Amino acid sequence: MSLFSSVWYLWLRQARQTWRQPIWVIFGLFQPLCYLLLFAPLLQSLSGVPAIPAGEAITIYVPGLLVMMALFGAGYVGFGLVVELQGGFVERLLVTPIPRAALLLSRLLLDIMTLLIQVLLICLIALPLGLRVSPGSLFLALLLVILLGLGLAACSYALAFLLRSAEALSSLLNMVSVPLLLLSGVLLPLTLAPPPLRAVAHFNPFAYVVDGARALFLGRLGEAAVWQGYLSAGVCALLALFWGLRSLKRAVA
Amino acid sequence: MSLISVSDLWKSYRWQGRNVEALRGLSLSISEGECFGLLGPNGAGKTTLLRILATMLPPDRGEIRIAGVELRRQPEHIRRTLGYVGQQGGTDIQATVFQDLLLQAHLYGLRGQAARRRVSEVLEQLELSSLASRPVSSLSGGQRRRLDLALGLVHRPPLLLLDEPSLGLDPVSRRQLWECLRDLRAQGTTIVLTTHYLEEADQLCTRLAIIDKGSIIADGSPARLKQESAGETLILTLAPSGSANVRQQAGELLGTCSFVRAVHEEDSEQLRLSVEHGESALPAVLHLLEEAGLTVSSLVLERPSLDDVFFRYAGRSLKKAQAETAGPGARSAFAWKGR
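Each protein sequence line maps, in turn, to chains A and B. Quick note, my numbering runs 68 ahead of the 1-based positions in the first sequence. Quick note, my numbering runs 660 ahead of the 1-based positions in the second sequence.
Hints are computed from structural coordinates only; laboratory data are not their basis. From a predicted model like this one, the values you see are computed outputs, not experimental measurements. Quick reminder that beta carbons are idealized off the backbone N, C-alpha and C, glycines included. Treat each hint with caution, since some may be false.
Stated by the list, open to error - Listed next, the in silico EDC-like pairs over lysine to aspartate or glutamate satisfying Cα-Cα at most 20 Å (straight line):
#1 LYS873/B to ASP668/B
#2 LYS873/B to ASP720/B
#3 LYS317/A to ASP720/B
#4 LYS317/A to GLU781/B
#5 LYS873/B to GLU681/B
#6 LYS873/B to GLU736/B
Unchecked claim - Away from chain A, derived, C-beta distances all over 12 Å, residues of chain B:
#7 LEU717
#8 ARG725
#9 GLN748
#10 HIS766
#11 ALA774
#12 ASP823
#13 ARG845
#14 GLN887
#15 VAL906
#16 GLU925
#17 SER940
#18 ALA952
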């Protein structure tokens with residue numbers, strides 16, 4: 069069995085499950101919609117402060133929201149894998165002649181496609197609220213968010229293979245995700261933060277991705293934040309993919 | 661011809677900071693067409709051995725050949741020649757029965773109409789055709805276990821590995837599953853199964869390996885293992901019960917017979933005769949006692965169970981070890997009841 073056809077058949081199965089119950093994809097939009105409709109308007113009154121150019125509050129806020137969606141969407145996909153590990157479905161696949169990497173790649177492919185649909189919908193909803201972004205910039209920003217989502221999903225699967233318990237996975241993800249989120253400037257730009265907080269955020273790869281996505285949304289393609297964001301998301305995605313494949317191998321052995 | 665040959669197999673795990681040896685130099689050979697059982701208590705190493713044979717676990721040491729192919733060199737090739745049904749099964753609970761089987765057919769390289777045809781064949785073979793469009797989540801335990809079996813058979817493997825196939829099934833479903841497995845064997849499929857149900861091992865297996873603490877402690881057909889380990893026993897109750905004279909007279913008479921190995925007084929009521937061939941000894945004993953004018957109240961032939969075999973080799977009872985999960989007991993008896 070080739071890797072391509074194995075990924076295709078497993079992806080089809082996953083996609084059928086997802087699209088049979090599209091309500092869960094819609095539910096996934098509920099939290100970012102709340103932030104967009106109930107929190108973003110508060111920023112309008114901050115327009116004009118150094119980090120938020122006048123009239124750009126939504127354009128500054130939406131990139132952070134997309135990163136948050138990647139964190140809470142792709143970052144929590146490991147729960148589905150835990151269920152299939154416990155139910156024996158993964159074991160069943162391991163005895164078939166498919167390349168084992170197909171098991172992970174098929175899931176990642178569907179996860180980033182689902183994320184892409186969700187972030188596109190949020191951007192569409194944000195347009196009448198004041199979002200201003202060129203199609204080219206939007207494309208590059210979405211690519212960055214997808215790269216981040218890929219890394220997060222791979223991390224989530226790696227943890228699922230290692231922990232094999234929904235309770236343990238839930239505790240760990242909750243513990244890690246909140247500080248990562250707050251130290252990335254998702255809600256408000258970190259330029260508003262006191263210096264010690266900004267110093268700590270330098271070690272948070274998410275902060276670079278948020279800065280990069282904001283620069284892209286504002287059309288500042290030449291800023292260092294753009295390549296730093298791509299580098300940060302790309303390195304994270306590569307390391308996470310390697311970790312995910314290694315965890316799969318170790319989980320089997 | 662040997663389909664599976666395992667030589668000096670070792671496997672250990674790290675568990676809570678300790679090294680646990682699951683398999684310790686295990687060797688065995690399984691021929692084509694056999695239904696080979698691995699019988700032993702939990703933690704004996706049965707599942708580890710099966711998972712190694714299914715290419716899921718790499719062994720630490722040792723050589724395994726399946727159909728002449730070295731397992732560690734060509735695991736992909738081995739995966740095509742075997743079907744595996746794990747303890748948990750592995751059905752996709754969000755799919756229908758047909759969709760789940762079709763996915764399995766695709767993963768084994770079947771395409772288009774050929775895949776659909778094969779799925780229909782397997783559904784028919786395991787009497788699941790009427791359930792094809794049902795969601796897997798709506799199946800009963802027995803139906804789901806048959807679907808597990810169907811998933812392992814989609815690619816027509818000559819070898820089927822089953823890990824505790826009837827675990828948790830009710831007696832009716834268990835017997836249905838056994839019938840399926842007997843049919844498969846009759847069609848030429850070699851079956852290797854693990855079980856801690858004595859009755860299952862006795863009913864299904866043409867050959868058994870009793871495994872304990874990572875090693876095989878006895879190997880042979882269930883009948884031979886039982887014959888070799890314990891022989892058969894006749895339990896005799898005479899009338900009037902409680903008469904020491906009558907019991908003594910009968911004991912002396914039967915002690916001279918060539919087919920009686922030994923006579924023991926079980927309690928104040930019964931005599932226990934160790935015999936070589938219980939079925940032929942039973943009428944002979946009746947005839948002798950009647951000729952001597954002794955009245956038999958009851959005469960029971962007790963055959964040894966696999967638990968007796970396990971006890972002999974492992975020094976402890978398998979039934980006791982599995983008290984919480986074991987199925988119905990395997991001790992069988994033919995009895996003659998007198999007046």
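- Task: Please flag the earlier hints that this structure goes against, numbers listed from lowest up.
- Result: 4, 6, 7, 9, 10, 12
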